[in-house]
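Peer 1: Listed here are the chains, written in short residue letters.
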Amino acid sequence: MKHKHWFPKWIFPVLLILSIATVALRLKIVNTVYEINQTEKIISNSKHEKEKSELKIAALRSHRRLEILAKSQFKLTQPTAKQVVYLK
Amino acid sequence: MKQRFSVIMVICLTIATGVAGRAAFIQVFRDPRLESLSKRQFQSKVLVQARRGQIIDRNNEPLAINTEISSLAANPKKIQNRKLLARLLSKALELPLAQITEKLKDGNREFVWIKRHIPDEKVDQFKKWGITEPTGGLLPGLWLVKENIRRYPHGELAAQTIGTVNLDNEGTEGVELWKNSRLEGKIVSMRAIRDALGRPTLYDASAVADAKDGESIQLTLDASLQFSVEEALKNSLEKTKARSGSVIVMDAIHGDILAVANAPTFDPNLRGSSHESKRNRIIVDGYEPGSTLKPILLASALSNGWKITDKLNGEHGSIKIQGRRISEAEAHEKFDSISLKKMIQVSSNVVAAKLALKLGQDKFISSLKGFGFGGKTGVGFPGELAGWLPPVKKPWQPLTLATVGFGQGIMVTPVQMLRSYATFINGGYLVEPKLIKNDLPNEVPSAPRRVISPEVAAGVVEALKTVVDTEGTGKKAALEGYVVAGKTGTAQTVDSKTKKYSSSRYISSFIGFAVGVEPKIVILTLLDDPRGVYFASETAAPLFRDVLNAVVTRFGIPMNAPLAKVSTPKTTNTLRVSQAHSEPVSIKKLELQGSAPNGKLVFKMPELRGLTIREALNTLQGYPFQIDSTGTGWLKTQSPEAGAKVSENDRIRLKFESEDEAQ
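Here the protein sequences come in this chain order: A and B.
Counting with this note's numbering, you get residues 6 to 93 for the letters of the first sequence.
Counting with this note's numbering, you get residues 783 to 1445 for the letters of the second sequence.
If you are wondering where the hints come from, they were derived from the structure by calculation, not from laboratory data.
Just so we're clear, the structure is a prediction, and the values are computed from it rather than from any experiment.
We put the CB at the ideal spot given by N, CA and C, even for glycine.
Keep in mind that the hints are not guaranteed to be accurate.
Stated by the list, open to error - DMTMM-like cross-link-like pairs, simulated, lysine to aspartate or glutamate; straight-line CA separation at most 25 Å:
(1) B:K1427 / A:E72
(2) A:K55 / B:D1049
(3) B:K1386 / A:E72
(4) B:K928 / A:E54
(5) A:K46 / B:E929
(6) A:K80 / B:E1020
(7) B:K968 / A:E59
(8) A:K57 / B:D950
(9) A:K52 / B:D906
(10) B:K968 / B:D1221
(11) A:K76 / B:E1373
(12) B:K1382 / B:E843
(13) B:K1021 / A:E72
(14) A:K76 / B:E843
(15) A:K61 / B:E1013
(16) B:K1258 / B:E1320
(17) A:K61 / A:E72
(18) B:K1371 / A:E72
(19) B:K994 / A:E56
(20) B:K994 / A:E45
(21) B:K1219 / A:E59
What the hints assert, rightly or not - Covered by chain A, according to a simulated footprint, are these stretches of chain B (three or more residues, beta-carbon under 8 Å):
(22) 847-860
(23) 930-936
(24) 1372-1378
(25) 1400-1406
Starting from the given sequences, assemble the full structure and let the hints guide the process.
Peer 2: What follows is the structure in structure tokens.
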């Protein structure tokens, strides 16, 4: 006597495919989130590097520093009145 | 047997039904307790920190920037050997052992800061002190937190205006405090789903979008001019030995403040500076203006029908009003009948007092109020003073009216005085001083209002030009090639102990401008308590000249007055480099090793031993060190030793010995 199933046979492969798809999708989401996080970290590091460079540039061209270097390394002084030539 | 099996089956089924029912109940019906448990396990709160906006000058030169720095935090619960760790941390961070022990003592706490803002060099040394594990990470219970720190690349430049922040990057002084809400941006707290290792993974993207970095604030200051002005003020303070000094440079048409210098000053990169040095004196301090108020009196008189050629009697140098004697600043000044123009040139107190009395209280007060005295200027800087005028509820005594006439018995701020003088060269408009270039639409200064007619303004300028003439009190303010107008003021100050005018402490000031040039710029120089010769003509006026020189150089303002005949140096087609040197080139140059995190330059100390005093000082000439030298002859010992690092403002000790002493 043929035993009759109370649900159709095709349900097993459908459920299997759905389960695999769900897991795959979930993994993809997690992966994408990690990638976003990594990218955000890179952006943040780049911003910090940019700020560091800006700070360094500003410090290097600071007027005080240039004045000190001019006076010390190059021994420059303010011109005296006699050294100034007025051009008309 | 079958019956026993059935009973077991029923029991199992009942239990299974119970479990399934409970599971279904948990899944279907809400339970706040379980919800919170789940949230605690899978969700975490994340703060998205906004970056603090930069502060830049009018030419986009950064004045305040952020950079990243490490801070060390601990979870005392997870630390195994607290005593040992405290000892190691104390050595690595150079902190008192008791302080760290105290922080790690409470085993119930899960978070405690050990030290905020640790320089990278110190973090690199953690391995040396055994604070790290062999894998490279920190010992259990310790972790480094990356934080933003505010840096001021130009150090002391415009320090009182820019201000400071606290450890949490919140503004505490100056523009940092004033514009904190715009600078700090928007910090967003949001939930994130944690992964198996507890790391936040799935963010709420819409909440992230809400986080907003702080805005940049653009000041009206010009960093280059600011530096020149600060240098001029520093030199003046050294010469006059004044207690403090201030300079403001403002565009008379737009009200843009181009430079604000205060001395003594401070470095906002370093913590622990005194409140005294942090005060922006030009805005938050009041003073009695002295003779610099006389042009306001003159403007008031001219607006009320007087002419600059009108004469008043100088009473031979002194006059008695209500039993009190009012005299000229110097005993030899005994004037007869002099014009109002002459009154400004020679700065006559007696004539000014008489003019104020003749003009009357109502007209004079109306002019003072019109020029904005007794009210805030609208610059908006925190702590701005409104100044003080004697109360007008009852009529002023003649003595009060007379003394206010020559600038005593009234309190003003330097910025109020500056803007009142701006009216003389901008055609009579009172402008609102401005420190922020990119103000929000609702913060834009109100439109200038006319307070005097162009004719009155021209009359006052005419009088002010005579002050800088060879016979005027401000002749040392003159700059070759330019027509300069201005007024000196040497005001008495009240002694806080005796509550009377001090006979030894004065405030010397000069306010003026170059006439007939563009841009129209007005300058105020002020020195508090100069020692020795305290008159403004000898102290504030020369400082004004230096500042004006910096202004015309910075803006390339062409000369508009004939030059005095000076001997022109012979020039050749070949540039002689030696012309640039006033001193012979020194024997050695110091090797520049870079900059410290606080922006200070670091040099390598040279070997100076064996040099004469002249040779050693020539080598160090121009470098920003404090030099202590003792003895004569040749250099025997030096500190720091050759090869050591030496940074700006470090003290260098040189000990010289002659051959006789050495033997």
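Peer 1: Determine for every hint whether it applies to the structure shown.
Peer 2: Hint check results:
1. B:K1427 / A:E72: At roughly 20 Å apart (the allowed maximum being 25 Å), E72 of chain A and K1427 of chain B satisfy the hint.
2. A:K55 / B:D1049: holds (24 Å)
3. B:K1386 / A:E72: Holds. K1386 of chain B to E72 of chain A sits at ~18 Å (cutoff 25 Å).
4. B:K928 / A:E54: holds (14 Å)
5. A:K46 / B:E929: Satisfied, since the Cα-Cα distance of roughly 14 Å is no more than 25 Å.
6. A:K80 / B:E1020: holds (22 Å)
7. B:K968 / A:E59: holds (23 Å)
8. A:K57 / B:D950: It holds: about 19 Å lies between the C-alpha atoms, which stays within 25 Å.
9. A:K52 / B:D906: Satisfied, since the Cα-Cα distance of roughly 22 Å is no more than 25 Å.
10. B:K968 / B:D1221: The given pair, whose Cα atoms are some 19 Å apart, holds under the 25 Å limit.
11. A:K76 / B:E1373: holds (14 Å)
12. B:K1382 / B:E843: holds (18 Å)
13. B:K1021 / A:E72: OK: K1021 of chain B and E72 of chain A at ~20 Å, within 25 Å.
14. A:K76 / B:E843: holds (23 Å)
15. A:K61 / B:E1013: holds (23 Å)
16. B:K1258 / B:E1320: Holds, at about 7 Å.
17. A:K61 / A:E72: holds (17 Å)
18. B:K1371 / A:E72: The given pair, whose Cα atoms are some 16 Å apart, holds under the 25 Å limit.
19. B:K994 / A:E56: Distance ~17 Å between K994 of chain B and E56 of chain A Cα, so the pair holds.
20. B:K994 / A:E45: holds (15 Å)
21. B:K1219 / A:E59: holds (21 Å)
22. 847-860: holds (count 4)
23. 930-936: holds (count 3)
24. 1372-1378: Answer holds; 3 residues pass the 8 Å Cβ test.
25. 1400-1406: holds (count 4)
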